[in-house]
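J.: Chains as they are written, first to last, in the numbering used here: chain G, 29 to 239; chain S, 29 to 239.
Since the hints were derived computationally from the structure, they do not count as laboratory data. Hints may be right or wrong, so weigh each one.
[Unchecked claim] Simulated DEER-style distance windows between Cβ atoms:
#1 S/Arg138 - G/Glu82: 51 to 61 angstroms
#2 G/Glu215 - S/His73: 53 to 63 angstroms
#3 S/Glu79 - G/Asp213: 32 to 42 angstroms
#4 G/Glu226 - S/Gly77: 49 to 59 angstroms
#5 G/Ser227 - S/Glu76: 37 to 47 angstroms
#6 S/Glu92 - G/Glu82: 45 to 55 angstroms
All values reported here derive from a predicted model rather than from experimental measurement. Just so you know, even glycine gets a beta-carbon here, dropped at the ideal spot from N, CA and C.
As a plain string of letters, each chain reads:
Number of protein chains: 2
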Amino acid sequence: MTASISTSLDGYVAGPNDSPENPLGDGGERLHEWIYDLESWRAQHGLEGGETNEDDEIVAELSENVGAVVMGRRMFSNDEGPWGDDPFEGHWGADPPFGVPVFVLTHHAREPLEMDGGTTFTFVTDGLESAVEHAKEAAGDADVSIAGGANTIQQSLEAGLLDELQIHLVPVLLGDGIRLFERSDGEHVELERTRVVESPDVTHLRYRVSR
Amino acid sequence: MTASISTSLDGYVAGPNDSPENPLGDGGERLHEWIYDLESWRAQHGLEGGETNEDDEIVAELSENVGAVVMGRRMFSNDEGPWGDDPFEGHWGADPPFGVPVFVLTHHAREPLEMDGGTTFTFVTDGLESAVEHAKEAAGDADVSIAGGANTIQQSLEAGLLDELQIHLVPVLLGDGIRLFERSDGEHVELERTRVVESPDVTHLRYRVSR
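Only chain G is shown next, with the shape it has when bound in the complex:
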């Protein structure tokens, strides 16, 4: 199972003050600037045109052979608590870019959502391992990817569920925000770097998680 995420050099995946209206936090869009002009990203978002370069190849690769996705609640809707009578359908829009079953970690049950473009959201209340099980079942022979956020990725690492981690390292210091890696107890996790791709805007570092 793989995860990939954009981070600042000081290790933030979003700026401070993230909210449903401001999901990447203040200044957080800086972390995704490298992606917005790429053909693959634009295609996933129903937009035409875009650049084809080494960054674009990496973005295309991210969804290649992905049959299902696991995502944390914060990344789905950036809200908290029971879903209420007219639950928010998440900030990914009516036609989310995933195009496959997405399993959302939440403490509060709700009915699945079927969106346009092949994305479905199923809400899993009994933990990460369960969500991963569901995702693997849905993916069949294809891969499962952890879309994020930081907390879900860190949980996956600590649970020994992650095989590969890719960091899109953006050359900026944000100073504050949501950290990819919060402090944790537990053993060191050894990694093996399997690839580095440099582009003008970002450095892609890919690691295999050693066992």
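Given chain G, put chain S in place with the hints provided.
T.: Chain S in isolation, oriented as in the chain G frame:
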């Protein structure tokens, strides 16, 4: 002015529980494993032999043309408070590897130290800018390097004193320790990646600080 430091992928420059007897903290030596067998490092520490490879070239480069060094107190001696009657000469030993004047940031005055091998320690109590001034004066036409630690490097960045930052990124997640980048207010700092060198043990990422 340049700084370089080894960090874990989760951004720690030392493990937890650092102290004068345990300056890199629990597990912190993992971050320097890449360096101990290198010829240049060994030569700086009065040891013979060692490997010559791309890591070694980078280590040699770090002290090339460096005329003076600035260092934080924690990196000098990892203790606190007034120096006392028989002040600790720091944990760098009698023949420290610097071989040039080193200016140590401290709140508490003490007399300079002249060590073997060309290293002198001068204790600067009136702040980072002052230490940098002294270092530039001592260095003459040569460069000044910020040896560390994390806090001093972060202060240098925030004060706009750093031109170049190099991170030796070690493929491990430590989980806890001293962060290179603590949370801070202030503007984002834009960086420009100027070099990436990959070796089996570490990834060297060099950045210019944009102005």
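J.: State for each hint whether it applies.
T.: Do the hints match the structure? See the list:
Judged by the Cβ atoms, the range 51 to 61 angstroms given for arginine 138 of chain S and glutamate 82 of chain G holds: they are separated by roughly 53 angstroms. Remark: the range hint 53 to 63 angstroms for glutamate 215 of chain G to histidine 73 of chain S is contradicted by a beta-carbon distance near 30 angstroms. Taking 32 to 42 angstroms as the suggested C-beta distance range, the pair glutamate 79 of chain S and aspartate 213 of chain G conforms, at roughly 35 angstroms. Glutamate 226 of chain G and glycine 77 of chain S have their C-beta atoms about 33 angstroms apart, which leaves the hinted 49 to 59 angstroms range violated.
The hinted window of 37 to 47 angstroms between serine 227 of chain G and glutamate 76 of chain S holds, with their beta carbons roughly 42 angstroms apart. As the Cβ distance of glutamate 92 of chain S to glutamate 82 of chain G is approximately 32 angstroms, the hint placing it in 45 to 55 angstroms is violated.
The structure does not agree with the numbered hints 2, 4 and 6 stated previously, though it agrees with the rest.
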